[in-house]
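S.K.: Below are the chains, spelled out letter by letter.
Protein chains: 6
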Amino acid sequence: MPEVYVHAVEGRSIEQKRALVKDITDAVVRHFGAAPDRVMVQIVESPAHNKAKGGVLFSDR
Amino acid sequence: MPEVYVHAVEGRSIEQKRALVKDITDAVVRHFGAAPDRVMVQIVESPAHNKAKGGVLFSDR
Amino acid sequence: MPEVYVHAVEGRSIEQKRALVKDITDAVVRHFGAAPDRVMVQIVESPAHNKAKGGVLFSDR
Amino acid sequence: MPEVYVHAVEGRSIEQKRALVKDITDAVVRHFGAAPDRVMVQIVESPAHNKAKGGVLFSDR
Amino acid sequence: MPEVYVHAVEGRSIEQKRALVKDITDAVVRHFGAAPDRVMVQIVESPAHNKAKGGVLFSDR
Amino acid sequence: MPEVYVHAVEGRSIEQKRALVKDITDAVVRHFGAAPDRVMVQIVESPAHNKAKGGVLFSDR
Chain A
1 MPEVYVHAVE GRSIEQKRAL VKDITDAVVR HFGAAPDRVM VQIVESPAHN
51 KAKGGVLFSD R
Chain B
1 MPEVYVHAVE GRSIEQKRAL VKDITDAVVR HFGAAPDRVM VQIVESPAHN
51 KAKGGVLFSD R
Chain C
1 MPEVYVHAVE GRSIEQKRAL VKDITDAVVR HFGAAPDRVM VQIVESPAHN
51 KAKGGVLFSD R
Chain D
1 MPEVYVHAVE GRSIEQKRAL VKDITDAVVR HFGAAPDRVM VQIVESPAHN
51 KAKGGVLFSD R
Chain E
1 MPEVYVHAVE GRSIEQKRAL VKDITDAVVR HFGAAPDRVM VQIVESPAHN
51 KAKGGVLFSD R
Chain F
1 MPEVYVHAVE GRSIEQKRAL VKDITDAVVR HFGAAPDRVM VQIVESPAHN
51 KAKGGVLFSD R
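Protein chains in written order, with my numbering: chain A, 1 to 61; chain B, 1 to 61; chain C, 1 to 61; chain D, 1 to 61; chain E, 1 to 61; chain F, 1 to 61.
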């Protein structure tokens, strides 16, 4: 609490994820005054054929 | 913006997904006045053993 | 089932919402083979000061 | 309607899931007065390398 | 962790909500082996004019 | 794309929100390689009587 969900097309490395959740957590602690241990961040990955922009699947671009 | 999430049990074909995201995007553009390129649609698929109706998993039906 | 969530900045009329949920429901029935009465659509509205693009709140644009 | 989403790190057995969705559905029926057949429960599983607490991925703990 | 989201049309009393979050939390603790203090439950309420079944808004039923 | 949702109990100021969405957006750009204008951040606020930890509503704490 707070809980943060990041929706992205799959394909990022573990290093990218590790760095992202660290920086997002720090931002929530700094600006929302949350205790670090209370901040949850979840990356919700989606295959490119399950996500679209402008009505076109990312797998069709 | 807007962002649309469709939660469904897995198993639809790429053709079904392609058609669905196209028509949903068109509906958002037509009724909410959004620029097409700004509309995001994501299909969030779930295995049948992770979703239930009436307290019974779809994999148990 | 399926369940559809549309995230948008608040301000659309009831007529716009009525038309959008109708067309989205039709699209899910047509392409995913769902029974109409099983399709749920929810519009999740957000105040302009709670949503951002490019790191800038919509209320600051 | 209502719709319930349970976000958890992956790894629970089908028996655990079956019991959880049953008890959550019963609770929604009992306290919110919903018809059982109208209650949807979905378990959204996440790999341990996609979820973090305190800025640290569960796969790094 | 886990995090539970209950989507419902607005109108339940505080007593109903208090009872629901208690029983859902107990179910998650019992079946998923989570520490009680780690279980988050959030009720996401929606006005009747923002939610539809079968393509018809709840406010139009 | 990506889309970020921050779930929190209501009560933060516009300054806190402005700072948070800026820093989260910067983190997504830096670590996930997204174009800034493509990053959406939404703060989903909840009244204290709609959110619970350990089975107890925040309004009862």
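Heads up, a few of these hints could be off.
When chains are identical, the list treats them as one kind, so a pair holds in a single copy or across two.
In silico SDA-like pairs for lysine to any residue, Cα to Cα no more than 25 Å straight-line [to be verified]: (1) K53 <-> D26; (2) K53 <-> V29; (3) K22 <-> S46; (4) K53 <-> M1.
Quick caveat, the hints were computed from the structure, so don't treat them as lab data.
S.K.: Does each hint fit the structure? Answer for all of them.
M.R.: Evaluated hints:
1. Taking identical chains as interchangeable, the C-alpha atoms of K53 and D26 lie at most 25 Å apart only when they sit on different chains, with a minimum of 11 Å there against 30 Å within one chain.
2. Taking the shortest alpha-carbon separations for K53 and V29, only the inter-copy value of 12 Å comes in at or below 25 Å, while the best intra-copy value is 32 Å.
3. Taking the closest pair of Cα atoms, K22 and S46 come within 25 Å of each other both inside a single copy (21 Å) and across two copies (18 Å).
4. For the identical chains of this complex, K53 and M1 are inter-copy neighbours only, at 9 Å across copies versus 30 Å inside a copy, given an alpha-carbon limit of 25 Å.
The structure meets every hint from the earlier list without exception.
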